[in-house]
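Using the hints provided, position chain B relative to the given structure of chain A.
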Amino acid sequence: MSLHQLTITEAHEGLRKKDFSARELTDACLEHINAVDGDVHAYLSVHDESARAHAQSVDEKIARGEEIGIMAGIPCAIKDVLLIEGTRTTAGSKMLEHYQASYDATVISKLKKQGTVFLGKTNLDEFAMGTSTENSAYGPTHNPWDLSRVPGGSSGGSAAAVAASECIAALGSDTGGSIRQPAGFCGVTGLKPTYGAVSRYGLIAMASSLDQIGPFAKTVEDAALFFDAIKGPDPHDSSSAAARTEQTHQSLKNPIAGMKIGIPKECFIDALDPVIEKSVRDALEVLKSLGADVVDIELPTTPYALSVYYIIQPAEVSANLARFDGMRYGTRAAWTKDLAEMYSKSRQEGLGAETRRRIILGTYTLAAGYYDAYYKKAQAVRELVRRDFANAFRTVDCIVTPTSPSLAFHIGEKSSDPLQLYLEDVFTVSANIAGVPGLAVPCGFAEKDGAHLPIGMQFLGRHFDEETILRAGYAYQQATDWHTQKSPLS
Amino acid sequence: MALTKQDIEHIARLARLELSEEEKERFSSQLSSILDYVGQLSEVDTKGVEYHYHVEGLFNVMAPDEIGATGQTARDALLAAMPDRTGDLLKVKSVFQ
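Chains as they are written, first to last, in our numbering: chain A, 37 to 526; chain B, 1302 to 1398.
If we strip away everything but chain A, and leave its shape as in the complex, we get:
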């Protein structure tokens, strides 16, 4: 196995035992990016110089005989919606084409302290809105399993970078499924932590009551280690919470015998591809064989979660993205006659079609006369969805569903119909609506039109109980080998 294909755990072992240096590990990743990213287009920018320099300083630490942390010297890819001081951060938008971040996001400063190496910034749907990464102003990312297909979205670049072994692990963000759905499409592991478990300071805000940062990795064990490295409350993010302080990776290997796993009847919708349903049912058999108790449950309000999402999300987008007006930073239109025209022209030139569509939708549902019928109603139904989960978690420890109703689709296949793309989120949005954590793992493959395509499922858990879903995912990966299959470009 080549160095760039290693997991965090394996790379850390190798660094500690001096089998290879951090510099060699980083170089291997950078060389592989050079070799395959022309086809995948996972990265929007590659920071080779600073990556090599950071790796070098980890090597000096090792040479001095100092202990290194688990994330030290690990080459990671960062979704281009997180700020790294002094580097270009575009959010996939033309609006921020030349924007240089003036500070580090909290997750970045935490990782910097630990000596993590940042390889570069990954592609995404503009401002993290989308399910295919086709909404990027810088062109789509291609799925490493079949380059004619999308990697999912919005964190498609990070998911593809892990699937193509263009990094050891990556960071993404998940507002309605943007970590879990691309993890499913690309056959990698992805964790959306509980709302508030990870600080969002330095994440370009999209929908503030839903956004959460989380890791992409090659295994559940890596995802747990990465999550432990970035979680915790932060005075800079007033919505971050004093989550449980124990390290999830420490209890990861505890058996799951007796764990109660719920399977909601609401996830077997007509639109669900039968091949995905079969894989998820097979996975439940595997979990049963490990001693888990699988039971049918009901989440009666979750069929409405998607509608709740597509009211609340655009409403918050319309408010958050009001700051992109060409005034203090970002793209400003030239030759405008007055202030009002400068705003509207700058926003026309800087923002893409999907972003503007959602701003219009959100402005409409928040407007006087419609607020009660849409936004207030959606908030009330959101509360009912939250109660559905609270009720279910009185009897089960976690819940399993597919990550998406369909396999990775072709680039361009659904882009003319926004509603079709929105339906991609049908299984993932409920977790954001309720604020609960979700862990996506590969659970099979399907042969379609000559392509070998990954299938994903997710474990949903109680608020701040990432420990249980990571433990379930870890046990599942010990019993299966879907996560060890490598894409042709890895």
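These aren't lab readings, by the way, just hints derived from the structure by calculation. Computed from a predicted model, the values in this text were never measured in an experiment. Hints are supplied without guarantee of correctness; some may be wrong.
What the hints assert, rightly or not - Taking lysine to any residue pairs in the SDA-like style, the calculated list, with each CA pair at most 20 Å apart, reads: (1) B:K1348 x A:D408; (2) B:K1348 x A:R423; (3) B:K1392 x A:T372; (4) A:K412 x B:G1340; (5) A:K450 x B:L1336; (6) A:K373 x B:F1397; (7) A:K130 x B:E1324; (8) A:K373 x B:K1394; (9) B:K1325 x A:E385; (10) A:K148 x B:T1374; (11) B:K1306 x A:L402; (12) B:K1392 x A:H134; (13) A:K146 x B:A1375; (14) B:K1392 x A:T367.
Stated by the list, open to error - Chain A side only, calculated, beta carbon under 7 Å to chain B, not exhaustive: (15) D273; (16) S274; (17) Y346; (18) Y365; (19) R368; (20) D374; (21) L375; (22) Y379; (23) K381; (24) R383; (25) L397; (26) Y400; (27) A404; (28) Q415; (29) A416.
We treat Cβ as the ideally placed atom computed from N, Cα and C, and that holds for glycine.
Frame of chain A, contents of chain B only:
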């Protein structure tokens, strides 16, 4: 719920967005079908349901009211990000004619 071109023009003005004629047509049909879809929420009985704006019920998170200093590096970076300026001053279009 059908959105007319006039509705779209009104909302676009509120959102400070300029749209082309073609976009106004396209958005009005696309947004109408999205609003039809989310209209299914009216089926849900929400009478008497109270809700919080934070899923965990977190509210009124306090921080000390202190002025933090901005370092020279951050100051330079913020100034450098301005699309148009004279010295350290941000240049904008006149507000009043």
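Open item on the list: Hint check: B:K1306 vs A:L402, CA-CA at most 20 Å. Holds or violated?
Closed with: Answer holds: B:K1306 to A:L402 is near 18 Å, not above 20 Å.
Task: Interface hint compliance - A:D374 to chain B, C-beta minimum distance less than 7 Å - done: holds, 5 Å
TODO: Mind checking the CB of A:Q415 against every CB in chain B and telling me if the closest is under 7 Å?
DONE: holds, 5 Å
Open item on the list: Next item in the hint list is A:Y365. Is there a CB on chain B closer than 7 Å to its CB?
Closed with: A:Y365 check passes; min Cβ-Cβ to chain B is 4 Å, inside 7 Å.
Task: Pairwise hint evaluation, A:R423 against B:K1348, where the allowed Cα distance is 20 Å at most - done: OK: B:K1348 and A:R423 at ~15 Å, within 20 Å.
Task: Status of the A:D273 interface restraint (C-beta, 7 Å, chain B) - done: violated, 9 Å
Task: Hint check, A:Y379 versus chain B [nearest Cβ-Cβ separation less than 7 Å] - done: Since chain B brings a Cβ to about 4 Å from A:Y379, closer than 7 Å, the hint holds.
- [ ] Compare the distance between the alpha carbons of A:K130 and B:E1324 with 20 Å, and conclude whether the hinted pair is satisfied.
- [x] Satisfied, since the Cα-Cα distance of roughly 18 Å is no more than 20 Å.
Task: chain B contact restraint for A:A404 - C-beta distance below 7 Å - done: Since chain B brings no Cβ nearer than about 10 Å to A:A404, farther than 7 Å, the hint is violated.
Open item on the list: A:A416 was flagged as interface toward chain B. Is the shortest Cβ-Cβ separation under 7 Å?
Closed with: With Cβ-Cβ at 4 Å, under 7 Å, it holds.
Open item on the list: Would the hint linking B:K1392 and A:H134 be met if the CA-CA limit is 20 Å?
Closed with: holds, 18 Å
TODO: Closer than 7 Å between Cβ atoms is the bar; does A:R368 clear it against chain B? Give me holds or violated.
DONE: It holds, given that the least Cβ distance between A:R368 and chain B is near 4 Å, below 7 Å.
When the structure is compared with the earlier hints, violations turn up for hints 15, 27 and for no others.
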